[in-house]
Amino acid sequence: MGILDVKNVGKRFGGLQALGDVNLSVKENTVHAIIGPNGAGKSTLLNCLVGKLIPDTGSVMFDGQSVLGRTPYEINQMGISRVFQTPEIFGDLTVMENMMIPCFAMRDGAFKLNGIRSVESDTEIRERAEAMMEDMNLAEKRHMHSASMSRGDKRRLEIAMCLAQEPRLLLLDEPTAGMARADTNNTIDLLKEIKQKRDITIVIIEHDMHVVFSLAERITVLAQGTPLVEDVPENIKGHPKVREAYLGEAAAA
Amino acid sequence: MLGLNKKDFTLLLIVAALVVFAPFILNPFPADSAMAQFNAGYPDLMQRFVIFGIFAIGFNILFGLTGYLSFGHAAFLGVGSYSAVWMFKLLSMNIVPAIILSVIVSGLFAMLIGYISLRRTGIYFSILTLAFAEMSFRLAYSVLTPITNGETGLQLTLDDPRILGETATATGSIPVTNFFGIEMRATEVMNVGGWSFQFNNGYYMCAIMLLLAFYLAIRIFRSPFGMMLRAVKSNQQRMNYTGLNTKPYTLAAFVISGMYAGLAGGLMASMDPLAGAERMQWTASGEVVLMTILGGAGTLIGPVLGAGFIKYFENIFSKINEQVLHSWFHALPDGIENAVVWVLEHFVGSGWHLTLGLLFMLVVTFLPGGLVEGGQRLGRLLRRKDAEKKTATQSTPAE
Amino acid sequence: MTNFLTRRGLLKTGAVTGAGLALPTIFTSGASAFTNEPTGGTVTLGFNVPQSGPYADEGADELRAFQLAVEHLNGEGDGGMMQTFSSQVLEGNGILGKKVEYVTGDTQTKSDAARASAKSMIEKDGAVMISGGSSSGVAVAVQGLCQEAGVIFMAGLTHSNDTTGKDKKANGFRHFFNAYMSGAALAPVLASQYGTDRKAYHLTADYTWGWTQEESIKAATESLGWETVNTVRTPLAATDFSSYITPILQTDADVLILNHYGGNMVNSLTNAVQFGLREKMVNGKQFEIVVPLYSRLMARGAGENVKGIFGSTNWHWSLQDAGSQAFVKSFGTKYGFPPSQAAHTCYVQTLLYADAVARAGSFNPCAVAEALEGYEFDGLGNGKTLYRADDHQCFKDVLVVKGKDNPTSEFDLLEVVEVTPVDQVTYAPDHPMFSGGALGSCNAGA
Amino acid sequence: MDAIILQILNGLDKGSAYALIALGLTLIFGTLGVVNFAHGALFMIGAFCAVSLNKLLNLSFETVDPTRTDFLGNPLKVKTPYIEGWFGPDLGHAIIDWSVPLAILFSIPIMIAVGFIMERGLIKHFYRRPHADQILVTFGLAIVLQELIKHYYGANPIQTPAPDAFKGSFDFGAMMGFDPNTIIYPYWRMIYFAFAAVIIGGVFAFLQFTTFGMVVRAGMADRETVGLLGINIDKRFTIMFGLAAAVAGLAGVMYAPINSPNYHMGMDFLVLSFVVVVVGGMGSLPGAVAAGFLLGILESFASMNEIKSIIPGIDQIVIYVAAIVILLARPRGLLGRRGVMED
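Protein chains in written order, with UniProt numbering: chain D, 1 to 253; chain F, 1 to 399; chain Y, 1 to 446; chain C, 1 to 343.
Calculated directly from the structure, the hints in this document are not laboratory data. Some hints here could point you the wrong way.
As the list claims (entries may be wrong) - With a cut-off of at most 30 Å between alpha-carbon atoms, the simulated DSSO-like pairs for lysine-lysine come out as follows:
#	chain 1	residue 1	chain 2	residue 2
1	Y	K307	C	K55
2	F	K7	D	K141
3	C	K77	Y	K404
4	Y	K280	C	K77
5	C	K79	Y	K404
6	Y	K307	C	K167
7	D	K154	F	K233
8	C	K55	Y	K404
9	C	K308	Y	K334
10	D	K112	F	K247
11	F	K233	D	K112
12	Y	K307	C	K77
13	F	K6	D	K112
14	D	K52	F	K247
15	C	K308	Y	K199
16	C	K167	Y	K404
17	C	K79	Y	K307
18	F	K233	D	K141
With the rest of the complex left out, here is chain D (with noise of 0.2 Å):
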């Protein structure tokens, strides 16, 4: 049993089978990666996962409690975050309120009619809005309007804003799209970091195996649906399944 169990989970788009038949454990307190070619249902598994999809079969189970026919904010709630493809923040805001929205979703629930009380008089927030600004390096931009960061610090906010809600479980879609070298660096050695100093589980969906393989513990691989192999890292790399997978899709292409 991990912190995560998929159960045979199966996803239909009308006559395309995105999800054949999933099965996936990811242990507690590892970095597990999942990867595989363009359309092998990577996305579609993690959006079964948020709830932004309901699978047509199967079941996921988080701790124990199925996240099945839950919204997204309550799966959040129960300790699941996710960081997107790409950066999803709040652009109109400023770095500092970015991250004081999930302090206060973690404290005052999925809603509260909060109108009266200034922002600024709430001390406690504002200190776990800082404390994790200055841990994650954003302390000097906290003023900046988010939209108007680079796209590394897009990403490092929204990593932030997602541990700010202290989960357990953090999904990440291929953090490192579209990111230069010395980017796709400085979040590996982030991710790193963030693995050393807390207790949190990792699921990360990759293209780049140069991130995968520096960080996972444990790799899946998917192709058309379905888990072609899971392991650990090092017997992934040679593996021939893998690679069919794989070149199969660069002779396609």
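Take the given structure of chain D and dock chains F, Y and C to it, following the hints.
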């Protein structure tokens, strides 16, 4: 002060000062001067400025913060007015129960419409609200006439029950609206030199309400709730994945702004106890949208400025007729006088809509942030001039 | 707060000194005896007409008439109907020696906007009388306001029974005729033209005026033996009436009565003609269309479709009495085209107000009201007329008109078929169509 | 039965007008992403093209007829249109009679020019501005346009008749074996329907079968990508705006004989056409057309006495009820695309 930071408190003070001294500020010209036509300091218009200000402030809580563009907010104002007038008809002419009822009823109505409409976003939401409001208007105009008195508008009559008040006064007229005996329509006139300033009880009642409404809006803007609403506007997806349920936030904003509209409607009926169905028409909903955008959506003071701007044109420019123009330019030679009058005629009197349309276009083209941005630019310009002057004086000795 | 018309006048005569401020004292407990008591050399009247919206042209015509009336009251121009008016107390020196000034406002044909603009005239400009308007909803709303404010309201074009029925007010007066009178005048003519064995189908604009019009004409025609097949309400906002007209084809109705006004009337009539109703034969009878309330201005929009169609109107410029001719002459000379019925009623109302003030010797609304109540006059275009004290409604002859077959100009659209004598259109003050509501007592404000 | 057939005809006829206006509105939404509150004004300008041509052809010289008098008792001035003077009374009269069909030719260049000027002069500066700003500026423009028309033509409706040849109505009933005179329909309304069908078909064919149309459709689907391909999409969008204006204008020209044009007819149609577009689904041309006809037919049925007697006042609100039901049942209207105008 009052739980506000210094900047907001200053803003509140400025608004309070403007509102309290409005009878002076809006009457800058002596009563018998040619410019007196531009005076706006008479009770009805001052009340309208303030009431539509409240309406727009409320609308801005929804639109400015969450970005949800409702095209049906006039329905809440209308429902508020009808509730208030019914209260005057059935209970008493005291405005307190009337206003309380109008806020409650429009809040409930907003809850119903908001709950359904907020299932959709963007323009789909706008059209849903528009559809509900237009339905309300059309039914009020025709089928619901027993409740709304249709085209004429719901008004008081000499045989209303008014169980806590009197049906008719001793002199056989309809009693007037009051606040525990203070008559809303009573006006004191102060004559100073050529000026004549009017102080109307009803206006000051509305002004107090505006200040309360404005103060509450500041608190909402600065609160976690306000921040959440801005976050909804910015990125709903991230909201959901941050464990926040956007639905109750938007619904709360919708209901609050509906209650503001109801308050405005109740006040309107308290100042002038008649509720016309046109208040609910889409054009009325559109008007508050225009007020908010024109003034500056998402800013605190913008909607109030926008409301004042539009109401000023509607009430002042529409009254400038040919005779008035001739009286301004009669000093010019006849031919030129006629030419000038002929040109200006298009923009005033029955042409006031044209002026308003042109101003909408000019403001939005050149001041993307609305009138507030205009003010900010002006401020910056002045500061820069100021700064230049300072540097000039500082640099002189160095030379 | 004197408007600058005052100032202009004073400047022109070069006497700026001592201009007493005609302060608006509405709702105040000031020293004046009544609202906006004129204390200087001028008196201000407020003309509240639609300047935007569908009735803007009618409003513009009303405004022309008001301007003409003010000129005549102040002794300029040819005097118009002041010459022919049976009462000769007006001397052409303003009202009670005070020069007449006026302010204007836009009703937008909305109750709210109309009240706002009337209020501004009372509060800001010190108007002592409000007149004008082109719809009953507005008239009733403004009448209510004038009652509260303590000024006189001289209604413009308002045809609903309610204005002097259930919504009548002590401070409000209507010269225009009403829906009941239209029905009473029209029905006998219809009976003689189309016979008493007719089946009528009504299309009615779905608001208060439409309902009272329908009620009145229905009662009048039924009493002459007509049968009412159906009465159908159409939305005020409707522009295309085709879906209301096609069901008529399936009935055995042989008369269509359009209880519509303004744009509604233009469109419904045009649509009805398009659908060939006028060529239709039912039970061996020619199908006919009737428009109970005609407006010449609006009839233009329907073009040729009005030819031969019966209706009623308050007044028409082709009347040959001395009053009408004098009015048409002075209006036509000034503006180049004949006045509409809206213009006529507004002009007459202004003169009647001025005359009442002069006879009462005071601008006090209560005194003016008393002078108007039960007042009988002649020479203002409608023959002998009575301002009835019970409901402040004028009783006078009503014109039954018909769309002209060969118009000689764009104004020459209607011809007068019959002048229905006043007795035939008079009703008791407690007539059920007018019951409910009371005048109340006159309010002088202050 | 015959009543139902008639109401379907009515619905198709009303639907034609709704569909034509909504089509142009959707073209502008879809291609330019602009909320155009001035679209109703374009419809109104089209109708006034017909009015103007009619007035132009009726420009007259005056001759005095001493035997008759005008309303002031002066000798009557009889007006004769120049056209009749030039071409003789018969041909001249015929030309005036056919002014509305002629106005179609007259209005196309005018409407395209109006569209170009609007787009180049104003709208293009608002592509990247929030929808709220677009609403404000186009609403301002609509007010200005209608006030200008009001100033020159007055507020009253102006009769603009169809040619005499089309004035009658056609007896469907007799043709289909019902009683004569039970199902008749005016010629001009049938022409309007046919005309609308041709225009709608034309626009679809244009977008479907021309390279230009393909680029525009690609631009509607993904503006940025098409821009990246090095295609000058802006120029094409300007042309599309002209096309949308022309469609609205033609709808207006042909509508003039059905209901006399007045200056605020654009505003009357504005809200309705927005409802139609949204019910059809943002960004979908077929959706707009389908919704136009659907709402037209619903509106016609709702005004039947049988239905009104069950639900009083339903004809006042049926369009809005339908809009609410459809939008709640289908989140993006009938055929809307995900993500268009949803934020």
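Right, here's what the structure says about each hint:
1. K307/Y to K55/C: Holds, at about 21 Å.
2. K7/F to K141/D: holds (23 Å)
3. K77/C to K404/Y: This hinted pair holds, its Cα atoms lying about 19 Å apart.
4. K280/Y to K77/C: Measuring from Cα to Cα gives roughly 37 Å; hence the hint is violated.
5. K79/C to K404/Y: holds (18 Å)
6. K307/Y to K167/C: holds (15 Å)
7. K154/D to K233/F: Given that 30 Å is the threshold and the Cα spacing comes to 18 Å, the pair holds.
8. K55/C to K404/Y: holds (22 Å)
9. K308/C to K334/Y: Distance of about 50 Å is beyond 30 Å: violated.
10. K112/D to K247/F: With Cα atoms ~12 Å apart, K112/D and K247/F stay inside 30 Å; holds.
11. K233/F to K112/D: The hint holds at about 17 Å.
12. K307/Y to K77/C: Given that 30 Å is the threshold and the Cα spacing comes to 22 Å, the pair holds.
13. K6/F to K112/D: Roughly 27 Å separates the two Cα atoms, so the pair holds.
14. K52/D to K247/F: Distance of about 16 Å is within 30 Å: holds.
15. K308/C to K199/Y: holds (21 Å)
16. K167/C to K404/Y: holds (20 Å)
17. K79/C to K307/Y: holds (20 Å)
18. K233/F to K141/D: holds (22 Å)
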